[in-house]
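One-letter residues, chain by chain:
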Amino acid sequence: MGDSQYSFSLTTFSPSGKLVQIEYALTAVSAGQTSLGIKASNGVVIATEKKLPSILVDENSVHKIQLLTPNIGVAYSGMGPDSRVLVRKSRKQAQQYKRLYNEPIPLSQLVRETAVVMQEFTQSGGVRPFGVSLLVAGFDDNGPQLYQVDPSGSYFSWKASAIGKNVSNAKTFLEKRYTDDMELEDAIHTAILTLKEGFEGQISGKNIEIGIVDASRKFRVLTPAEVDDYLAEVE
Amino acid sequence: MTKTTIDLPPKGGFSFDLCRRNAFLESQGTKMPKFRKTGTTIVGLVFKDGVILGADTRATEGEIVCDKNCEKIHYLAPNISCCGAGTAADTENVTDMVSSQLELHRYATGRDSRVVTALTMLKSHLFGYQGAVSAALVLGGVDVTGPHLHAVYPHGSTDTLPFATMGSGSLAAMAMFESRFKEGMTREEGIEVVCAAICAGIFNDLGSGSNVDLCVITKGGKEYLRNYQQPNPRSYTHSKGYHFTSGHTAILSSKIRALRNQVRVVEGDVMEEE
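Protein chains in written order, with numbering that gives the first Met the number 0: chain S, 0 to 234; chain V, 0 to 273.
Please keep in mind that the hints were generated in silico from the structure rather than gathered at the bench. A few of these clues could be false.
Said to hold, decoys possible - Calculated lysine-lysine pairs in the DSS-like style (CA-CA distance at most 27 Å, straight line):
(1) S:Lys91 / V:Lys122
(2) S:Lys50 / S:Lys88
(3) S:Lys195 / S:Lys49
(4) V:Lys218 / S:Lys217
(5) S:Lys97 / V:Lys122
(6) V:Lys218 / V:Lys47
(7) S:Lys49 / S:Lys164
(8) V:Lys122 / S:Lys88
(9) S:Lys217 / V:Lys221
(10) S:Lys97 / V:Lys221
Model the full assembly from the supplied sequences, consistent with the hints where possible.
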């Protein structure tokens, strides 16, 4: 491919007008475990696979869905350590906003600031882009919202989206099932069914993680017991 | 690496570059601006189930009361609160900053904040500024290790006590505590002693006044009792204005003049338009 000569340097465009390193970063994301999010009329749900490399890993210590502020949470697909850096930066930015304006940060502002950080790493020397896409879910004064942020720094607001492995099947499934007046409980069931579609092995509360935020504006990650209850309902 | 989008102030203490110039101006007769101090009586005590914090509500600017009902009990964490005496801006900003840092710490650790964490953050910050940040605090809360109460001084030293008072009214309040405090009081007894201590400050210290604010923190949660006691109610002028019943003013003489009252009915034609 003619692009391969331009693929080593992040800050050099290829003749076809692409930054090949960003394309490769997106490939890294597509190799990551599936995550998806659905925006309902009264809340948002995000879910992710939590396949651990060995049965000896203590699954209680692994938290893939993290809280950024009391009403905003995030899931990722791709390189876990990269997501940790972004989560830390976003949490700090949210606190700085609150100190400056005495107002909890609106979700769109937090997403934009995170995207700006990700873009900076595509236009600097000596660094590489982040190998993660993030699904940010929250409930603020503008209602429930779901955003996806890519390694290039571009972000979109979605009604429902999936990232990682198996993304095309998951998106087709979501397109069929999504309705605008869906409620949060239906959204959770749909999210579980979508994850189940591409899941290898036995799905249970121990190998998926689900985070929800409803009108109470408190984002929380469901306990494995609660996830098992929802799985039983879906059967 | 490019800079992040939000510029933080430069790290480190205050810049004292202008101090000599300010001292010179003052010696030449320029009036230095007065800053808002909280004068204050703030107290805390440990009771059977947790901690009770109390504060008055007067803020002064020199000799003038600039706020008759300010809030001196600040939020640090869902289970920790802090009363502040000294310069109002200093206490508010230092507690806001530590509250922000505690929230980030909670996300990173996944646990509730501990009172000693807040204490260490506050004292490190105050010590770094070598007393220039004039904030004297009474910090109290309940965490996994139990109820805690600390007094923090502007230079960064701390005391850990079962009962503490700070501010200009601290002596009046401490007198009440020393005579009435006992270990293991109930909530009602604790509230009574705290109110007595704050009222002692309100009535005997010029820098303290107005109302009593309380904050009761237990394992089950925090209860912020704003204006729990109001021993100095304000009397406002009546909305209908001043009203004097008759008999208030002495009558020296009276003269009655009847107005002539005549009505004459006259027949007439309807007015014609030209």
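Against the structure, the hints:
Taking the CA atoms of Lys91 (chain S) and Lys122 (chain V), the gap is near 22 Å; set against the 27 Å cutoff, the hint holds. With a C-alpha separation of about 26 Å, the suggested pair Lys50 (chain S) and Lys88 (chain S) falls inside the 27 Å cut-off, and the hint holds. Proposed proximity of Lys195 (chain S) and Lys49 (chain S) is supported: the alpha carbons are some 13 Å apart, at most 27 Å. Restraint check: the Cα-Cα separation between Lys218 (chain V) and Lys217 (chain S) comes to about 21 Å, which is no more than 27 Å; the hinted pair holds.
With a CA separation close to 23 Å, the supplied pair Lys97 (chain S) and Lys122 (chain V) stays within the 27 Å bound. The straight-line distance between the Cα atoms of Lys218 (chain V) and Lys47 (chain V) is roughly 11 Å, inside the 27 Å bound, and the hint therefore holds. The straight-line distance between the Cα atoms of Lys49 (chain S) and Lys164 (chain S) is roughly 13 Å, inside the 27 Å bound, and the hint therefore holds. For the given pair, Lys122 (chain V) sits about 26 Å from Lys88 (chain S) by alpha-carbon distance, which is consistent with the 27 Å threshold.
For the suggested pair Lys217 (chain S) and Lys221 (chain V), the alpha carbons sit about 19 Å apart, so the restraint of at most 27 Å is met. With a C-alpha separation of about 22 Å, the suggested pair Lys97 (chain S) and Lys221 (chain V) falls inside the 27 Å cut-off, and the hint holds.
Checked against the numbered hints given earlier, this structure breaks none of them.
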